[in-house]
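J.: Using the sequences plus the hints, can you model the full thing?
Taken in order, these protein sequences are the chains called A and B. Quick note on my numbering: the first sequence kicks off at 1 and runs consecutively. Quick note on my numbering: the second sequence kicks off at 1001 and runs consecutively.
There are no misleading hints in this set.
Derived CB-CB ranges, DEER-like:
id	chain 1	residue 1	chain 2	residue 2	range
1	A	Ala211	B	Leu1079	21 to 27 Å
2	A	Glu125	B	Leu1079	40 to 46 Å
3	B	Ala1049	A	Glu155	53 to 59 Å
4	B	Cys1044	A	Arg9	46 to 52 Å
5	B	Ala1049	A	Glu27	38 to 44 Å
6	A	Ile14	B	Gly1190	32 to 38 Å
7	B	Thr1019	A	Ala16	57 to 63 Å
8	A	Asp36	B	Ser1123	17 to 23 Å
9	A	Gly82	B	Cys1044	57 to 63 Å
By construction, these hints were calculated from the structure, which means they are not laboratory data. Even glycine gets a Cβ: it sits at the ideal position worked out from N, Cα and C.
Protein chains: 2
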Amino acid sequence: MSAGFQRARRPEQIEARRTAILAAARELLAERPVADISLRELACRVGLAKSNVLRYFDSREAVFLEVLDTAWTAWLDELAFGELPAFAREERIAETIAATLAERPLLCELISAMAPVLERNISLEFARGFKLRAAANLERLASLVRAEVPELSAEAARVFARAVVVVVSGAWPYANPTEAVALATAEAGGAPGFEAVVAENLTNLLAGLVARRR
Amino acid sequence: MSAGFQRARRPEQIEARRTAILAAARELLAERPVADISLRELACRVGLAKSNVLRYFDSREAVFLEVLDTAWTAWLDELAFGELPAFAREERIAETIAATLAERPLLCELISAMAPVLERNISLEFARGFKLRAAANLERLASLVRAEVPELSAEAARVFARAVVVVVSGAWPYANPTEAVALATAEAGGAPGFEAVVAENLTNLLAGLVARRR
Chain A
1 MSAGFQRARR PEQIEARRTA ILAAARELLA ERPVADISLR ELACRVGLAK
51 SNVLRYFDSR EAVFLEVLDT AWTAWLDELA FGELPAFARE ERIAETIAAT
101 LAERPLLCEL ISAMAPVLER NISLEFARGF KLRAAANLER LASLVRAEVP
151 ELSAEAARVF ARAVVVVVSG AWPYANPTEA VALATAEAGG APGFEAVVAE
201 NLTNLLAGLV ARRR
Chain B
1001 MSAGFQRARR PEQIEARRTA ILAAARELLA ERPVADISLR ELACRVGLAK
1051 SNVLRYFDSR EAVFLEVLDT AWTAWLDELA FGELPAFARE ERIAETIAAT
1101 LAERPLLCEL ISAMAPVLER NISLEFARGF KLRAAANLER LASLVRAEVP
1151 ELSAEAARVF ARAVVVVVSG AWPYANPTEA VALATAEAGG APGFEAVVAE
1201 NLTNLLAGLV ARRR
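T.: Next up, the structure:
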């Protein structure tokens, strides 16, 4: 534990400590995948002992889920579809979502790591808060889409919002192949990139939901 | 290295050794996630030294990708859509794919681990062979679907086949939540299970591709 740090006791001290831990997590995520970042490195980066980080967060996983929650909310705050031409409404919505997510690799990385890595080691108490906030964010995305596609039911818009998470989770790991895999993929006929895969699948999902509405 | 094993030299001995390693990999996969299985454990289960396993396979990852290739081919060998009622053709195709995949957790686990875990540590030579076989399996799935939905273009059927991989990869990690996450999810309004998520999304994708055909 570095000499400059004392245990934070006042609420504003606790908040400053939490903010510093979250900032260190974001820094490390810019350097490598979340699965490769240990609690020890996170603590080291912020100048605290591991046990001290755990005074402010449940677990390493809880730190990253907090970063995810903030990035997801920031993305929604900025998400706007602009003027949509009627003839290509579904494409434009899907492309806007795909392009703005592709600009946020940290968010895509965390969405993709959410179930397989991050949700494996959190307490019931933290899971409760996180799942409620995640459900609210999904509901917000569903409402934004439904404002543009009013013929969708609330449930169909919710299905679409959940599908965004599934498609990003499934497509993101293919976004950064090793050199060998990239070369072999190109030789075997190639594969569309992350943004194209997300845009294509979300267009089809939305067109399908519109076609199937009752 | 156990006393009973000598270095295999004849083709049929090499093949027997490879078969034993693949069988041990399948056994271990029935016990825990692929990310938690080391080359050491794999070697131990089959009674070989680590270095000896690497005579027959490039890497631990190459072993699991071979298991994936075999499971994926076996699934396609059995995939049949039966008599499809015209009014619910897309649903039936999607539900058949979802139900038969849900019966094969080993295949779903390996599809889901393919990009984030398994393709990280393979040689160019192995990647070339694997990607060609994967492309052939995708083409086979596309053809099976196109036989039922002949109005799809070959490219649209290929988009659907690739989407099956993306949706399974994205949805599978949510299939086995921890107790805390399962409880918190239920309290936050619940979420559909793996088979339902795959069926719903594949139905919408297929209906969207049909609606958007030119």
